[in-house]
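Taken in sequence, the protein lines are chains A and B.
443 is the number that the numbering used here gives to position 443 of the first sequence; each next residue is one higher, with no gaps.
69 is the number that the numbering used here gives to position 69 of the second sequence; each next residue is one higher, with no gaps.
What the hints contain is simulated information worked out from the structure, not anything from laboratory work.
Treat the hints loosely; a few may be bogus.
Any copy will do: because identical chains look the same in the list, a pair fits if it lies in one copy or spans two.
Straight-line distance between alpha carbons at most 30 angstroms, and here's what the computed DSS-like set of lysine-lysine pairs gives [said to hold, decoys possible]: (1) Lys-99 with Lys-405; (2) Lys-466 with Lys-448; (3) Lys-187 with Lys-448; (4) Lys-448 with Lys-367.
There are 2 protein chains.
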Amino acid sequence: MTSLPSQDVLLHAMQDIVGANGCLVADADTESFVTDYRRIYRGKSPLVVMPSSTEQVSRVMAWCYAHDVPVVPQGGNTSLMGGAVPDDSGTAVVVSLKKMNRVLDVDTVNDTMTVEAGVTLSAARATADENGRLFPLRIGSEGSCQIGGNLSTNAGGTAVLRYGNMRDLVLGIEVVLPDGRVFSSLKGLRKDNTGYDLKHLFVGAEGTLGIITGAVLKLMPQPRATAVAFVAVQSPAAAVQLLGQARALSGGAVTAFELISAPALDLVLEYLGNAPSPLPARHDWMVLIELTSGADEDSLNATLMEILETGLGNGWVVDAAVASSLADIQQFWRIREEISDAQTRTGGSIKCDISVPVSRIAQFIEKASADVLALEPATRMVIYGHMGDGNVHFNPLRPRDRDAKSFLAQWYKPVSDLVDGLAHAENGSISAEHGIGVAKRDDLRQYKSQVELELMWQVKRALDPKNLLNPGRVLPQIDGAAAS
Amino acid sequence: MTSLPSQDVLLHAMQDIVGANGCLVADADTESFVTDYRRIYRGKSPLVVMPSSTEQVSRVMAWCYAHDVPVVPQGGNTSLMGGAVPDDSGTAVVVSLKKMNRVLDVDTVNDTMTVEAGVTLSAARATADENGRLFPLRIGSEGSCQIGGNLSTNAGGTAVLRYGNMRDLVLGIEVVLPDGRVFSSLKGLRKDNTGYDLKHLFVGAEGTLGIITGAVLKLMPQPRATAVAFVAVQSPAAAVQLLGQARALSGGAVTAFELISAPALDLVLEYLGNAPSPLPARHDWMVLIELTSGADEDSLNATLMEILETGLGNGWVVDAAVASSLADIQQFWRIREEISDAQTRTGGSIKCDISVPVSRIAQFIEKASADVLALEPATRMVIYGHMGDGNVHFNPLRPRDRDAKSFLAQWYKPVSDLVDGLAHAENGSISAEHGIGVAKRDDLRQYKSQVELELMWQVKRALDPKNLLNPGRVLPQIDGAAAS
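The shape of chain A in the complex, shown without the other chains:
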């Protein structure tokens, strides 16, 4: 291995490519690029480079490859897993895509939009909207997160039940490879069986195989009608029954089916200044159901009522508030969406982002809750999320009278190990939508088979033989000849 170039040599080389305005060196300027937004992961970097074209990214990568300089790609830096910030070795250049924020094309006949990787999710959604279309990805960080990061982490959110994950919303991709070669396939095709579908290698790879610089995204028809209800259910098992009924009766109109536990609702209502609950009484479990369709409002509301009446008749539904205005819809959704911030503000939350088959979710919640409460009985069981995908955010919260730091110091590891283990035992996932980054990297040794880890390394070494791209992220070190 050659020795790394000096800071001066590196800076000059990068300035030659991206210009002086494209390089940040001073600590004050780089601080926000080397620290994750929850301020848990803080790394070091000699330089933040902000290319403004694919060609510049290619030249940056080629130079770094030739000089053995590690590179950390960064979008909106909203990873919850430390996947987008450098480690503290101080060797890795951060390549930020923020200047590549142009929408290149909108094709309303093909229902596609071509964007650079640095376009924020909210800008992509706004562009779709301006063109009378829907770009359906819906996650809390949409104002900051970028399409390249959404792709690299295969982002999920609250509309996956209807529209799929980010992987399902992309048709074509452009990627700069570790050695600077550009794989450009910005095609807007629904069908293309001409060899390996390489884009799927880079989607969800968290920037370890290449830097995504552009994408062709799918657009959807805008729904003509939306119907939303805030529903108290008898139990998580009843919620699953209701979900099945809703899917059967609505023919695919269920866009969201979000579970909310009583402690989650208590927390968020308090956070929202003691906002009123949509329902008069307190219930242990609720779901937020959203139907959308191209049909008229009346017909969709009738379907929603049919679902709720079936639920009441079967004893699954205890009470329900149906949104009667856009303001109601926004208020119901605000309650759901602010749970995350309410937790952050409160502190002392053990975040487990698990998924299991939908058929196992109720018993998973029951067992995991009982086990956590057996450890620490006053824990607030903040459980919420995308039940329709088998994915809940299972986030035990410190007791009211316990300080966050001591609670996390005592319980973070044992509780998350317990929850992850139970999810794994149900043939589930220990990271449904948040990814691996550095936070869960070493857990993979426990939850992935040796063969799967070997395969990941075989792919990594084939594409990034020098291990320069986002090193130390996603892939745990393993033994075994095939990976050496």
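Let chain A serve as the given structure and place chain B on it in line with the hints.
Just chain B now, with coordinates in the frame of chain A:
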């Protein structure tokens, strides 16, 4: 390279693993495994091996890997591209999955079904149906083709517009790697972001990276209502407008939108014994539209009528027959589905399976038709297929008075080159759903970038360093250091 084992050694080793009943040696027995079903590709093989478990597949592969014996995986042997039969070197063992035909699990709450790779598509569809669910893949060869082959070729068909390709219908996969290791990930999760999503490597790889032995497939709610119309449209451009309107008005209920040209209709009606057309007059262009939904029949029919009336009002629709019974629906679909057999029976068909962005399909058809007719004016322009996906089967057919053999000898290559070139120029695909196999392998040199071909080889070499799995398929030989 070691020399290949003798036929005797090979046979004994395989019999040790799969038993005498699992091996076919006599030419009469192996004939149907070494010849593709259109009898265009005829190869040789010393042995057809039919394992009955993943463990047997693993042992077969480990032995062949250790002894440098090439392996050709085979499902229902319905490839149109010669992708499932061995070459004529006589060195490759055919591994048929036909004995692995068990449905392992159906989970109607999770809406998934776990199957072995040798389950036929029609058996998978029937199993879903028996459980009150829909498995939506719909292709002509469903009685013969197998789930493993559907996955390996990322099969498409007539319901992709609504439900996606086979890639979109699989959640988990089990694969035996070239060296016999088993990558087993038979999980039924909608969300799982724990490292590289390796299943996408094997889907669409046409058996060149591993042998798929099992899969977890998505199930859908059965539609409660179906509405179908056979519609004469003013032109392909008018059909595209109608499609956009149908998608906007129906909120995702458009399940199929199939274009049919007049020569395609003439051909199939004649093939069906001069069956009557659904429409009284002859028209240049027609579309078969199918809507399905969970809503009631009346509401869906009203939506269909709204679409057709909008189409009439805008001059896109010239005439329409709306199916008023299940018999009508079946008859309309029979016309569409028998076009393929009608061509085979007639002979002299130049099959081009192209896709372009939906916004380019009308002008593609116009230009390609004009160019073909300029070469041979009496050619029958049989054009049909999945317009909603931008995918048409563009299959110029010999003039009535011309024999098939001389027509194909003169025109197959120039016409398919012309059509593929025009599709490529529209940022399209030269193989939308049929794959590459050996038939289009060398065309990839022309239509893929050097970087993309290098990446394919990097992946191939990482997973199959000895190039033993389905050798000579999909990947063309290329120059360049990165691929060597």
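Requested in this report: With 30 angstroms as the alpha-carbon cut-off, assign the pair Lys-187 and Lys-448 to within, between, both or neither.
Outcome: between (34 angstroms within a copy, 12 angstroms between copies)
Requested in this report: Since the copies are identical, ignore which copy is meant and state whether Lys-448 and Lys-367 lie within 30 angstroms (CA to CA) inside a copy, between copies, both or neither.
Outcome: Close inside one copy (23 angstroms), not across copies (52 angstroms); limit 30 angstroms.
Query raised in the report: Is the C-alpha distance from Lys-466 to Lys-448 at most 30 angstroms within one copy, between copies, in both cases, or in neither?
Result: both (24 angstroms within a copy, 26 angstroms between copies)
Query raised in the report: Are the CA atoms of Lys-99 and Lys-405 at most 30 angstroms apart within a copy, between copies, both, or neither?
Result: neither (38 angstroms within a copy, 58 angstroms between copies)
In this structure, the one hint that does not hold is number 1.
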